[in-house]
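Those protein sequence lines, which keep their order, are chains H and G.
Our numbering applies: residue 87 is where the first sequence begins, and numbers increase by one.
Our numbering applies: residue 60 is where the second sequence begins, and numbers increase by one.
The set of hints was computed from the structure by calculation and includes no laboratory data.
A quick note: this is a predicted structure, and the numbers were derived from the prediction, not measured.
Just so you know, even glycine gets a beta-carbon here, dropped at the ideal spot from N, CA and C.
Mixed in with the good hints, there may be bad ones.
Unchecked claim - Estimated spans, in silico, between C-beta atoms of each pair:
1. G:K103 x H:T677: 25 to 33 Å
2. G:E150 x H:D712: 18 to 26 Å
3. H:H708 x G:G116: 27 to 35 Å
What the hints assert, rightly or not - Far from chain H, some chain G residues (derived; all Cβ distances over 10 Å):
4. R125
5. R126
6. I170
7. K183
8. N192
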Amino acid sequence: MDVSQYLEIFIDETKEHLQNLSQQLMILEEEPENADTINEIFRAAHSLKGMAGTMGYKRMQHLTHIMENMLSEIRNGKIDVNADLVDVLFQCLDALETYLDNITQSQDEGTDDNEAIIARLNGFLNGESGEAKPKKGKKKAASKEAETEKEQTKDIKLAPFEVRAIKEAFRKKMQVYKLEVHVDENCILKAARAFLVFKSLEELGEVIKSEPSAQDIEDEKFEYDFTIYIVTERSMDVVKATVENVSEIRKVIIEEITEVPDVDETVEDEDDEKEEAKAKTSESSAVAVAEKNVPATAKGGAVGAATKTSGKPVVNRSVRVDIEKLDVLMNLVSELIIAKNGLVSVSSSEEGIVSLGFNEQIEYLERVTTNLHESVMKVRMMPIESVTQKFPKMVRDLSKKLDKQMKLYITGEDTELDRTVIDEIGDPLMHLLRNSADHGLEDSEERERRGKDPVGNIYLNAYQDGNNVVIEVKDDGNGIDVENIKRKAIEKGALTPEQAEVMTDKEVIDLLFKPSFSTAKQVTDVSGRGVGLDVVKTKIESLGGDIEVKTKLGEGSAFIIRLPLTLAIIQSLMVEVGEEKYAISLGNIQTIEDVLVTDIRYVQSKEVINLRGTVIPLIRLHDILDIEPSQENVESLTAVIVKKGDRQAGLIVDRLIGQQEIVIKSLGKYINNNSKIISGATILGDGEVALILDANALV
Amino acid sequence: MEDNKIEVQSTQFIVVNIGIEQFGIDIKYVDNIVRMQKMTRVPKAPKFFRGVINLRGEIVPIMSIRRKFELEDDTFTDKTRIIILKPDQQEPIGIIVDQVKEVLSLDSENIEKVQTDLNDEKSKYINAVGKYNDSLISILNINGVIDV
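Generate the whole structure from the sequences, applying the supplied hints.
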């Protein structure tokens, strides 16, 4: 009955519902009369309420409950949707997101009751319907209380360790309550209701005893009532209300245990006993776990986690995988085993047949591993939608905050990227969008003066391009004012006027990616602190991608991000330099050329070749890698032409080995910082290690 | 050598030979001892990194203690071993030793701390000297040695 194992699912699903809520609210704002949308919002709020309730997040549950009330009034046509109301709903969404963040961080929803929002919601409810719905429940509870006050709970015998737990609770000044819970006789899923009771109680304190045992209750081996002893710091009313909150509970009789129940236990020396009691309590909870499947420590665990100050989320990252993909994986793994068995039988068969059968098996094995790789990659791939879907709301908020009219258009949300990239790309994209909204777009009057649509447009386009995924953030705003940047740079002393004079526009724009450079005339809290584009660039480069800017003054600008499809496995060209083998990512390679020694020219005493009209510098890998050059006098050299952006270079190697799919491994922190030309290592078929050359660092 | 295990309470050290000196490595740092194998040189790495090896699918950098201590360069023999160290919370790293001699357990009374001489870079590699029978064993300060 521990709920922590469901936490991940809860977080995932809540995220989904919140996302849905956000999307639907955006629609509602546009079309206040859309009944489908209202229904959808209602359903989302309802699901959220149920989930929060199950997990014991009371504040979240309360907020969603009132939201639900209001939405139901809207649905019934008693309240009209207006901008104010949508605004409140957006506030609710923000509040719920905060709760979720807190839960993700510390398993605890936090202590913010969001009274203001609730008050506004109630204002709508009262103003329009005149009925204070949320209070009804409480009144009912109160009347129930009155009627059950005099009832007595049944007598239950306690085991010695349970008594000790009670004693321990007294010592800690905690309350012990005995609850007799009566389930409604028409209730179909008694066990489930009982489970909810247990769970909500475990949120409040420690359940030390139940009659019948938790296991029996779980197996529905009880009539309509059961009794629970709970140790808690909360008041009797809270405990009672909590249990009564579970639906289909007919009544709850609660009484406080004020004296230690009778047990035949001799009281020992105080100090001694303290220690022992402590030990026993923990033991008793351990017993509880083992015997009754009640993790009495759940609360303790949650508290422990909550007190952790680190901002690291306590929840593991998880991926939801289509079951079909898993089936394919399963099949491939079984095929892998068959292939292995095939190899075993070949190796034990007659000599003559060996070579033939062996090759066949190897081919089979290769096919299986290739498929396996593909399927695993697919499992790791996620549509970029999971990142972009939060943007419409963000742009809406920005629009309000900056007091500019703008609209976001997203295309290609189904473009898939590796999970690791997806996790990292959100912040840079968000930053670029903010950038567009704040710096890019002009305000409405300005736009109208220029004959543009007063509503600014921001586009986020994602698409696949070969082995890359391209994400563009475009706006139809003012574009980047190169002269303005130059002026700024000179002001800041980053450039001399003479330098600025000779700079190309591209070089100037590159300045934007330098640390602490912001062109916003004013620093707003949206952007303009100068810790922006350089961070974006660093992040994208760390993901193996690059970023490029296209801009036209007066017409808008576009930030174009290119990312590799995947990070862990790449296609590479294996080359030999001296005796050593190196891998070069195929993504960087343009062509491979034979270069006649006589064709080599010198520019500024550096070797270059003229390749079909382009002058390309040559890089002798021997020199870079400190390898003795081969002494033979050769007539021609093999050059691998690599490209970075629009720069090219020819890497001179001794021999080409061939194309190979390699798994990238890190060189580790001991060596890595010393040489940027090596981006990692890989293990070859014979177990040997080959290093991966980073062509980007060489060019 | 790998199976050399003795049951004792006091600290256990793997005793290795590097040159004429005996060094002790606290067994808690030792992950594995492997034979010398082909290493892949890493260009531009510090000289005392002789390269990297593949240890069951992991890339492990290998450091030459001789180069680090500025002794005569390594000569690889049958007895040369790579000791894979796994310092707490850190990635594994291998060090090359001439020979692995034995596993010793030393009581604390037989271990004498040595002062770190701030002027001598190399003194941070040793943090104690152990006495065993008649011989002296320099106890390596692993964190100092692998600090690059």
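So, going through the hints one by one against the coordinates:
The beta-carbon spacing between K103 (chain G) and T677 (chain H), approximately 27 Å, falls within the hinted interval of 25 to 33 Å. Checked against the given bound of 18 to 26 Å, the beta carbons of E150 (chain G) and D712 (chain H), roughly 25 Å apart, stay inside it. Between H708 (chain H) and G116 (chain G) the Cβ separation comes to about 30 Å, which falls inside the hinted range of 27 to 35 Å. R125 (chain G), annotated as away from the interface, keeps every beta carbon of chain H farther than 10 Å; the closest lies near 17 Å.
Non-interface call for R126 (chain G) relative to chain H: holds, since the shortest CB-CB distance, roughly 14 Å, exceeds 10 Å. Chain H leaves I170 (chain G) outside its interface by the beta-carbon criterion, the shortest separation being 28 Å against a cut-off of 10 Å. The Cβ of K183 (chain G) sits about 17 Å from the closest Cβ of chain H, beyond the 10 Å cut-off, so the non-interface label holds. Even its closest Cβ contact with chain H, about 36 Å, leaves N192 (chain G) beyond 10 Å, as expected for a residue assigned away from the interface.
Against the hints set out earlier in the document, no violation occurs for any number.
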